[in-house]
Each structure stands twice: as C-alpha cells, then as structure tokens.
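Make the full structure from the sequences, and use the hints.
Protein chains: 4
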Amino acid sequence: MKHHQFALTPPMGWNSWDCYGATVREDEVRGNAKYMAENLKEYGWEYVVVDIQWSESGAESSVYRPFVPLEMDEYSRLVPAENRFPSAKGGKGFKPLADYIHSLDLKFGIHIMRGIPRQAVHRNTNLLGTTKGARDIARPNSICPWNTDMYGVDMTKEGAQAYYDSLFQLYAEWEIDFVKVDDIADSKLYSTHTEEIRAIRKAIDNCGREIVLSLSPGPAPLEHASLLEEHANMWRMTDDYWDKWELLYDMFERCYKWSKNNGKGYWPDADMLPLGHIGIRSLDGGGGDRWTRFTKDEQVTLMTLWSIFRSPLMFGGELQDNDEWTLSLLTNEEVLYVHQHSYGARQIYRENDCVVWSARDRNGNTFAALFNISDEETTVSVDLEELNGSESKLARDLWNHTEAPISNNNISYTLAPHSCKFLRFS
Amino acid sequence: MKHHQFALTPPMGWNSWDCYGATVREDEVRGNAKYMAENLKEYGWEYVVVDIQWSESGAESSVYRPFVPLEMDEYSRLVPAENRFPSAKGGKGFKPLADYIHSLDLKFGIHIMRGIPRQAVHRNTNLLGTTKGARDIARPNSICPWNTDMYGVDMTKEGAQAYYDSLFQLYAEWEIDFVKVDDIADSKLYSTHTEEIRAIRKAIDNCGREIVLSLSPGPAPLEHASLLEEHANMWRMTDDYWDKWELLYDMFERCYKWSKNNGKGYWPDADMLPLGHIGIRSLDGGGGDRWTRFTKDEQVTLMTLWSIFRSPLMFGGELQDNDEWTLSLLTNEEVLYVHQHSYGARQIYRENDCVVWSARDRNGNTFAALFNISDEETTVSVDLEELNGSESKLARDLWNHTEAPISNNNISYTLAPHSCKFLRFS
Amino acid sequence: MKHHQFALTPPMGWNSWDCYGATVREDEVRGNAKYMAENLKEYGWEYVVVDIQWSESGAESSVYRPFVPLEMDEYSRLVPAENRFPSAKGGKGFKPLADYIHSLDLKFGIHIMRGIPRQAVHRNTNLLGTTKGARDIARPNSICPWNTDMYGVDMTKEGAQAYYDSLFQLYAEWEIDFVKVDDIADSKLYSTHTEEIRAIRKAIDNCGREIVLSLSPGPAPLEHASLLEEHANMWRMTDDYWDKWELLYDMFERCYKWSKNNGKGYWPDADMLPLGHIGIRSLDGGGGDRWTRFTKDEQVTLMTLWSIFRSPLMFGGELQDNDEWTLSLLTNEEVLYVHQHSYGARQIYRENDCVVWSARDRNGNTFAALFNISDEETTVSVDLEELNGSESKLARDLWNHTEAPISNNNISYTLAPHSCKFLRFS
Amino acid sequence: MKHHQFALTPPMGWNSWDCYGATVREDEVRGNAKYMAENLKEYGWEYVVVDIQWSESGAESSVYRPFVPLEMDEYSRLVPAENRFPSAKGGKGFKPLADYIHSLDLKFGIHIMRGIPRQAVHRNTNLLGTTKGARDIARPNSICPWNTDMYGVDMTKEGAQAYYDSLFQLYAEWEIDFVKVDDIADSKLYSTHTEEIRAIRKAIDNCGREIVLSLSPGPAPLEHASLLEEHANMWRMTDDYWDKWELLYDMFERCYKWSKNNGKGYWPDADMLPLGHIGIRSLDGGGGDRWTRFTKDEQVTLMTLWSIFRSPLMFGGELQDNDEWTLSLLTNEEVLYVHQHSYGARQIYRENDCVVWSARDRNGNTFAALFNISDEETTVSVDLEELNGSESKLARDLWNHTEAPISNNNISYTLAPHSCKFLRFS
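Residue numbers (my numbering), protein chains in the order written: chain P, 116 to 541; chain E, 116 to 541; chain A, 116 to 541; chain C, 116 to 541.
By construction, these hints were calculated from the structure, which means they are not laboratory data. Just to be clear, a hint being listed does not mean it is correct.
The list treats identical chains as one, so a pair stands whether inside a single copy or across any two.
Keeping only pairs whose Cα atoms sit at most 30 Å apart, straight-line, the calculated DSS-like set for lysine-lysine is [stated by the list, open to error]:
| no. | residue 1 | residue 2 |
| --- | --- | --- |
| 1 | K272 | K303 |
| 2 | K317 | K508 |
| 3 | K359 | K317 |
| 4 | K508 | K117 |
| 5 | K117 | K379 |
| 6 | K210 | K247 |
| 7 | K210 | K411 |
| 8 | K156 | K379 |
| 9 | K359 | K508 |
This is the structure we're talking about:
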C-alpha cells in the first residue's frame, strides 16, 4: 500500500513522554532537535515527536488534569498551548516549530488522542467541511479510560470523516511528518477502535502529505494484526514500557509473537527507549527524575532486541543530558545496520531463559543475538547450521567491534545475567 | 437495618417508562396518579414514579439525545424541565407535583442517574456544602454506557459525599418518597458501582426522610447480593424487561436464583409490568405504540410469578387507557394477598419446562403456582406432601375464585402453553 | 426441606486432610475419634471424617498418584483399601469403623469424588440395579482437574441414577453419617456440576439414612447459591484453606458475600481449621510437618470469624497432639454458644481493615466481633445503637471470660494487628 | 526451516471425514486414491488422507463410541483395525496401503489424536525407547473435549519425547507422507497445546522422513501464529466447516485475519471442501447422506476464496461419485494456478458485504476475486490502480475462460447473491 512507502525502515527518533510527560515546552523540543541534528542524524535518527497534551496550558506532569479546558480552534481542532509553544502565537500552530525542525533536516511528529474534544461536544462547536456540529459526530459512550480530553467519533455519522479529514488537513498545513494516535490500538474498555483507524487512514490518504501513522497504546491484539498492518506504519505491541527488568523480560515473548508481522513500511512497536535522563517531569513508570534504572547489560540487551526485531526506536530521555555511554548506544553503526537493513528476524531458540534470535541481510550476512535473560550466569550455544544453513569461519561482535574465529561451526558464550551477544557471520 | 422499614412489603405502583420513555409530562403523571387513587389504591398500589430525564426539555422518546443541555440548579443538581413540569416554575422543583400526589394519599417517586452532570463538570459549577467544584469530584473515566448525562462520582474525593447529600436534601425538600437510581446496579462497562451505592445509602440516611431506594439496571450480579440487600430496598435482577415471551421465560431462572435473597424491606426486582397500553412515546422494546404483546395466558403467568416471588409491581402502561381485563389483573385481591403477605417462596420443581413454586403465609395457608412454560400443552402434577408437609382437602384457584376438592393429596392440571394455575391450600 | 433437618446447627468435627493428606490409616482415625470422645464431644464436636482416597492402597501424601488402581467392589463402587483400613477385610467396608465411632457416640463421615471410577469405565464393569455398565453412564469429557480417579456421570443416561443410588445404599449399609463430595461445587474446567448435585441429593433421599451432604471444593459461585442451599447441608465458599494470613484475610470478604445464605440446615463452609499439628503426611499448603503457622492472635481471629459466621468447624490437625492452647480454642463454651445458637450474623462495618460483625440469639443477647485485620495496631469503635438498637451496660469478653462496663452505649478497643475482640451484650 | 520444504505450495488432496466420519474402510480409501490418480493427479491433487479412529474396529459414524478398546501395539501405539484395513494384518500396519497409494504416484496421510491412549495409561503398558510406562508420561488432567481415546502427554516427563518419537518412527516405517494431528491447535478446555506441538515437530525432525504436519481443530488463535508457522505446515484457522452458507460467509473474516500468516511451507487451513457426495456415514454437520447443500454459486465462491487465500484444498466428498460439475471445480487449471503460484493475497476492500481480494504472481499477472456475499444482487467495482498500480486492458475470467476489455482501468460486475468473479489481469 502506498502509505507503507512512508516508513520503509523502522522509524528512529525522539519522543518527549519519558522525560517530560504531558508538559514538554518548545525550547525543550528545539534543544532535543538540535542535539539530534548534531549528534544522531548521521546514524539515521530523524523524528522529533511532541507527545500528549500540547493543547493543555496548565499541564504539570504525566498526571492529566481531568476536564480542564484545552486550546482549540474554531473548527473543534486542538491547537498548541501558546504559553508552552510560543511560536504558535497568532494562530500559526505547529508550523513554525516544524519549520525549525525541517531546517535541521529532521522530521516533526505530534501525538493526538483518538476522537473529538469533549469541550467541543458539550458546546456543540463547528466542524470544517460539514454543516454538522461536534455534538452530531461524537459517539456517546466512547471515552478513553485514562484521559478526559476526547469523545470517540461515530464513523457512521455524517460529518465524521470530514472532521478527521480536517484534522489531517491542518497537520498537513503545519507540515507534520508523523502522527502518533493514542487510545486507539487497544482500550481496556473497548479493545481496538477499528473504525476510527480506518477513518484516520483515509484522512491521511486525503491530506496530500506523507505522514507516518503510529498507533497506541498497546498491547494491540494479534487478532487485529491484518488491520494494523494494512492501515498503520507502526503500532504498539506492548503496554507502556519503562525501565524495569520484568518489562524487558516480558518483551521477548511479545517480540516472538509479533515477529512475522512486520514488512517494508509496517512495524510492530516495542515502545520508547527509557534510557539516559528520564522522568524529569513524568511520574509515570514510578521512578521520578532519574537516570535510567536499567543496568548497562540490560541497556545493551534492550537495544539488541529492538534492533534485531526491528522495532521503531524512539529515544525517551532528555538527549541533551546524554553521557558518553548513552550516546554510544545510539551511534553504533554495526548495530543500527541490522535495525535498518536486516530481514527475516525470528526467535530460533528459547529454553531455560536462554533466547537466540537470528536475521539476515541481502548481502549474505547472518546475524545472531544470544540472550541470557535468566538471573544466573549461563552458557548459550548455537549450531550455526541452524542459523543460516552454511559454514562460517568468523564471528563479528557488533557491540565490541571484535572478531573471533569459529570452530566446528558452533558458537558458545557464557553470559552474565540479563546480558547478550550480538554477532554477524559473513 | 432501619431503612428496610421503608418497604416492608414489595412496593406497588406505576412508572412512566414503558409508555412514555424519557418524555412524560406533568399532566400525564397527574392523570395516572388520579386513576390510581380512584381505581387501584385500595388494592395496595401507591407509588407514582417519573422515570428518566425529567430535566431534559427536548426529550422526544426513549432514545436519549446525547450531550444536550439539562435543567440544573446553582449547585449542579438537576431540576425538572419547566416546559414538561409547569408546576416546577419559580424554582419549586417537584414539590408541587409531590403535594398533589400526596393529596391523593399516594407516594411520589423519581428516577435519577448515578453521578454528576457532565455539563456541571465541564463548567466546574458549584456544589452545596463544600468549596469543591463539580470537576473536583467527578470520576474521570466513569460513564454510563447508554446515556450521556452524567459522570460518576469519585467517593474518595473531598466533596463527593456532600454532593450526594445535597441531592437527597433537595429530594427531601421536595418530599420525594421513592428514588430509582439508574446506571448503578450493573454496568456492562464496570459491573456494580458499589461505592456510589454506599454513598447514596448514607445520603438517604442523612436526609431525614424515608425514601425507598431502588437500584437499576440489571441484571445485578448475585456476587453482590449482600451489598444490595443491605443498602437498597429493591434492585433489578434483570435487564430491561418487555412484552416478549422469551424474556418472561427467562425470568423463571432469574427468580429461582434470587429466591433466597429477599426479606422484609429488601426485594429483588423483576422489573416493570409491560401491560396494557404501552410504547406510546417509547421505542424501547421494539414495539411502538401498542397494546401489550403478551397473550392473556402470558399476562396471568407474569402476574403469578411476580406475585409469588414477591417482586415489586410497577405497572408500565398508561393506566387511564386500561381495559377491564388489564384492570382485573391489578385488582385480584386473592393474588395480591400472596404478593403482600406470603413468605418462603421457592421453586420446588422444574422439569421439562414445568415449573412449580410454593409459598406460605402466617395463617397456615400454602400457595402453589403451577406453570407450563413449554410450547406444548402439558400436565403438571404436585404431591401436596412436598408442598406443605400436611394434608389438604380443597384447592382454591386464586385467579378464578373457584374451589376444587383434592384427592390423594395430589393435584394435577393440564395446562395450555405459557399458562399457569395459582392455588391456595388451607 | 427434610434433609435440612440433618444439620440444624453447623457441623463440628475432625477431618483427616490437613494432617494426613490422602493417606490416613484406621488407627489414626480411631485415635482421633477416641480423643474427640474424651475431650471434645461435650462441647459439640461429633463428626470424624476420613478424607480423600481411602481406596488407594499406595497413597503416600497429599500428592495423588495418577491412574493407579483403586479398591473397588463388583458394582464399580470404591471400597476401603484393606492395608490401610484392616477392619474392612472380608468385604465389610467401613461398617466396622463406623461401629467403633458410633460406640463412642460420635458420627462417621467419608469423602468421595463425584463420578464413577475410570478403571470401571475402561473395563466396563457392572453396576447395581441396572443392566447398564460403567461405560454406559460415564460422561466422556467430564474429569476432575486435579485427580485421575473418576469420570463424571452423565445423568441423562439410563443407569446413571441407579449408580448414585447404589453408592449411597452402600454408605447407608456402612452407617455413614456424613459424606463430603468433592470435585462438584466448583471446577476450574466446568464450574458447578449441578446435575450431579441433584442426583446425589436424590440418592441420599432414597437411601433411607440421614446423611449430611457436604460439597467441595470451593469457591462455589454465588450464582448457584439457591441450588446449593436447597440440595446440600454445607458447601465450600473458598478454595483450599491453609495457615496463611492472606487466606484468612481474604475470608472476611467471602463471609460478607455469603452471610445471607445460611439457614437451619444449610451452611456455607469456610473450610477446615488448619490448627495444631498439621502437614504430617500432607504437602498441600506448602508447609510440611509443622505446628500451625498462624499466630495465637490469628487463631483466635479465625475461630471468632468461623463462629459468628457459623461456618462448619472441622478441625484439621492431629487431635492427639493438641497442646493446651489448641484445646482451649475448641472448648470455649461461650464462643461455641454463638456458633451453635446465634442467628442473623452480618458484617455491619468495614473500613480501613477494621471489620465488625454482629449476631443475635433468641434470648435477647447481641454478639459483636471486632477485628483489626490490618498490619497496624488500630482502634475499633462501635456505637451499640447500630448493633442492637438498644442500650447495654456491660460487655462480656467471650475469649477472656471478663466483663467491662460500657459508657455512652459505645465500645472502643485498641487491637493489635490480626487480632479481635468477641463480645456479648445482654 | 527445513520442514517448510515439505509443502512449498498448499497441499491438495482428499480426506475421508466429510463422507465417512470415523468409519472409512480400506476399499473406500483405495477407490478414492484410484479416482484421484486417474482424474485429479495431473491437476496437482496428491494426498489421500484417512481421518480419525482407524484403530476403532467398531466405528459406526462420526459419533465416537466412548471408552471402547482400540487396536494397539506392544508399545502403546495405535495401529489400524484389521477388520477395516485388511492389508494391515500380520502387524503390517498402514505399510501395504501406503505402498498401494505410492504405486499410484500419490501421497498417503493419516489422522492421529494428540496424546497417548487412555487404555495404555490405565494398563500402564510399555513404551519404545524408554523404561518408563504409559502411566509415567500421561498428563493427568489433559483430555480431548470431544473424544475419549487419549490422554495428553506431559512433556516434562522422562519418556515423553521418546513416545512421540516412537510414533513417528512407526509412521516413517509405514511410509506415511502426511499427518493430521487433532485436538492440538485449539481446545475449548485448554487453548493451544504448545508443548506437544513442539514435541511432534521434534519427533518428525527425528524420524528421517519428510512428513507434512497438519494441526487441528480450529480456530487456532492468532495469538499463537508464530508458533504455528514455525512448527507446522498447515493448521486450522476455523472450527469444523460444513456446507452451510453462514460458515462460508464467516470464512471471509477469518481469511482476512490470517492473510499475512502464510509463506512457502506454512499455510493457514480453511478446512476441507464439503462438496459432492458427503455425509455417507457421517452425522456431523447435520445433513446426513446428501449432495452438498451449497448452491453452484456458493461452490464457486468457496473454491475462489480458498484458491486466492491459498488454503490447503482437501476434498471431502466421495470422489468416485463426482458428477461433471463437481469434477469441473477441481480441474480448472486457471483457478488452480492461482492457488499454487500466486502470492501476496490480501483483502483490498470490504464494504456492505462486497469483498475484493487480490494477489499477484511472479510473471507480472494480477488476480482479483470480487465477491458479493450479501443476500441481494449487488454491483462490485474495482479501480485497477488500487489492485496493481498499473494499467490493464484485458480481464480474463478464470472460471469461464473468457476475456473482456477494460475501459478506464476500472471493472464493475453485477453479481448475484453469494456469487463471485475471479479475474486475471496481465
């Protein structure tokens, strides 16, 4: 499908949620964009994404203030809170910020909630491109379980598609490149909102701009894999992910289950990378302002799994505070090569919390990731025959940039708990 | 518990829903009250209940108009729409209508929805008895699945109990005798709202007036029987009930399951009686303006089951249009005696859709209801030994006012499909 | 119903499971019976119950040996393993042991599994009173999730009722007084087995002996309360209960939910008392051979809750090893009076893990149990007005046999964590 | 994976279930094989599969006789009942029948149930290659919900893998080419039996013969798609399928959901084709001995959906009774070309029960299937741009072998209810 062209490799970027919750300000976005342009762009990082509630002038943390007024235009469309995004003044919306990010040769993304603002519905405000009002298209019993901003839209109603079209028309005017739609891929109250996914797909197709579509939150049900693959570029296969080992441990099973469901342009999403300096104004994930609680071994394990699985990579920390170690995780070209250019990733082995994944590229290389996700030191061995059906003489360690000869077409590593080896065989 | 004194026998009355949906007007309420006073009061009928959305000036049928404005006082409390209830003008609320109904020596009931008006929450209007506003006590993700008027109340918040207290203070000022609280006994989204049931119990206890508490909709889960019995006077054990045989058939199982869960002052409720002229301005139940679709046999079966089970009896038709037959169903003193004075009802037998219930009174009488709920003519027999452990010589037919001798302490009737016999043994 | 006469007060006795798992021997049963006759009978304890797998000659612990042969008579009925129950030799079954227990003026109970032995079904052995064989009445896909002895019986088949009748005919010949039927009140695979409950009720009614019927395991669903109350004398409202505080904590909610569902002759069952010396040959409950892990406060809390709720009391420890403290828990006449003679028990209050229950007797006494089930010392107060609507001057402490004056018709106790006060007001 | 090589295109063959239930005899198998060799082989049909219970000498229909003895060898392995498969006499098993089928240049398949015979477990018979007995490896509470032959195997037990290895060793000796394992892909009691799927995969890998693995019954959960794709060649995505329109209607949604989950060697299976003469000795599906109840339009719709989706094609009728029409459905080379050689099938459109699927081949052809699955005549149109992104001048009708010019790169057909068009564009 045409829109799959918008993200032929899994997107890489930065998202404001893990560090700033619902509160990020324009200066912070610009700062992270500048850092990305200077330090990460050459490695493939390109999206700068403003997460939830940029219309809420009084947002204080990751805890939403229920029922508070939001900034909205005359057509019931939310617009940036000017106190937080000064360049939006004069009705300019996100256009000036997009211009800045584009000037750095980066791409700009925003978060939106499924639906139409409740404040619009209760006031029955106007919509663009239809004589119907906000009240006419709202779906009465469709809410988000964790945020009070919106009502769902009833796509059987006249004016419903016009409303979604008007949103993406505005985002196209702002020159947005990426939209993360929330409260849509899964809902504890209603499961997946399939009709609104279809409507948003149509709205993007109608808007004339190549906008990458990301769906949240997870875990999106596998039952809807076909729909997600056809309509989105990425979708969350997990609930909110944070710097806790049990969540990383759990991701191995999720990746296994979703490993057949990606392709050029559509990517199951293991969620953002809670690395570096996070929790600055976010209470979500339970840690407060902190350096990631993952150990270095765990951080490498995370980056390895995300890379071989080819999840989108959205860094969640304040980039400007990165230390050398954190930066090194994001700039390892040999690792990112797998993320961008491999295919056919699959778990070939899991026993006693030893897990092995493999993938290939179009140049005859095979990749293997050996994980010890138990709490004990363990030896993980792989018969290379199983990996690629051919013989290899040399294993390249992608994290350490070292090489080691292989004997008997078999490799074996003793791995510390929660650690891994990421290898290439030519 | 003290409030169980408010309804020592299962309440009997009239409710506007089955005939007028959300639209009943004051003249219609008065008309039905007058009819009740003149024709039914002497048989025990006493409650006149205005059902849902009396604050909605534009209500048109049983289909709610989503998100429309409601009439509300300065303390976020809904008040009657004056175009529909002219006596409410000048801020008098339901007091004048209550006065009229009391002048007929009847009791007055109203319906309310669990929660606080969404319009109050979005405007953050004032509450009585607390400095908190509507926004402070609303529970963000608590809605009714089928009506957009209210948000639930978060009882952990300061001001929450004050709000419910203020509601019942107002109803006490209006001299309301009966409140049917909806969206509380069961919710397809959230199950039973136990905390708001407790809060409403407290609010009634605090209000200084004896107000019967009825909880809807059903089916209330048996899992919460203890809570319901302790806090309410009646609660719905069924989803909305209409004039369809399959719903009546299904009620036998429901009555069986709930038959141990009544007592002086607390009554599982099999819902209103969709008899006589119904559907006048209601589209619910799928029949339009009509005479009840139940056959006469089915109507007798319904009245017999409700009576021996001791469900509250709330007539749903337009009383003023009653024909002689319908009136006769409501004025059979021998049948209503069982409803008001029996105890110990239980299903003693069910096989092949032959069902037998029995009950007793304090004067040594035993009652038996023999039902054929199959679609074929069937003979139903009962050994009287099983019923009351003693010998009877004579069976009194409560619907026909006839008597027949009993031989061998056994009775046997050939019953048409969907019909029954209701008997007394002395 | 007539069979409710068999247990007009909640049964009290001893059961072999908590100390001996599936392995109890005749000498141990006799020893406990003798102890009961000498030490407990005068306090109301009377049932001696042999729990599961008395037909299994090789039983080693509470872990069942799957698919092993069981002792069975010519009619597909399980009989005692003679190596474990020597008096059963010569086809005498449990009759000699029953005689011994009756000679002590006690009552004898046994455990059975729902269904018919799988070994009978696979061999298609004979049944008593029907020409059908075991294979004809077995229900193909009805198994117990945790034990391989039996298949369920398909009650629609000819011979099915005859089989259950033949079982209870045998038990009547053996002069059994109490049968605990397992795998029937709840099943994780199939929920409650209602048809076999009905069949067993009929079989007991047909057998000519007054046999108390107890149904396991729990948690029986409240959904089936009516059925259970009508057909059984007691049924488990909880999964297997052991000496762990979280299970005792949890029982308060279960008791609350089931508190309306007892009556003369039918009793929700909170399971056996894992007190004293338990786990002797049982691995269930995770503790091995041990003295109960409950603290003394917790033991008193347990006995108080079971007594005011009126659960059956089935002691699970090896009685012969009782110390003075344990014996004292079982011989407090003031406490047991409430268990045997009170009525109307209900939880009148629960907040912050302070819980208050009350009950009454026919002599004008009111009982109150004040529990602190939090992990902190807490003060629990009760307004006596709420308890009994009248004024009391004196509170009798049922565990300590002391009295204290009451002022202001209010009582207040500071309670250690997990402890309680059990009081009587005249 | 290597075993994916065994079925690089979706298997095509015949299965005995739809016509003979559990009762097929050797002569019938040979007759169908002969028919296939003479009439169908050249079109790609090659598997001849004996379905369930070939070890049961007394099988009478599709209704299983519970708990009856089965033919078994000394190692607890089921073998053919000699009265039904005379060539098996003398311990030859299915080898002679396989030889015959191979002599026709066809392949031979059998059905087995997951697990080990219950009769082996209860007798604790021997296993091959281990000193453990049948009782040691059976999983106590693992049964099939609809058949009493087997217990599941507990793969954590010593001897468990040896048992499964011994089964496939026997099948390799018999020269079996295809095994349909039942009670494994889905179970209403336990969901998917993942551990036994892994064990059977290993057993086939160990047996030295290329045996296609088919898993039943469905609907297999999408949740386990990764596991199924990796371990099997085909698996049922639907419950048992019969000649009822609502089941065919429903299959469109199932195919949509599974359309991304096939690949060279692994195929979601829409179940057998209940066409031609079916129900001869089968009561399943509710029709008795009959000609398929599908209309001709529905039969074409079925074959079209199965072909473009690339489900395995397993004919269920008695081939020898085929009429010309039925044979024509199985021998349309243009249709079967799509089934064998297309890729990338997907539903590109569904609205108002108009459904359009497309696929491609490696020669630049595009295929489209236009379905009207509503009950009204409807016009279905497709913009060819959407199908293949290029321009076409000519549409080839694959069922009618006709061609029609295309104008405006758009096609439009008025279709009778339940009918379809199957087209190729070059």
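Check: For this structure, which hints from the list above don't hold up?
Finding: When the structure is compared with the hints, numbers 3, 7, 9 turn out to be violated.
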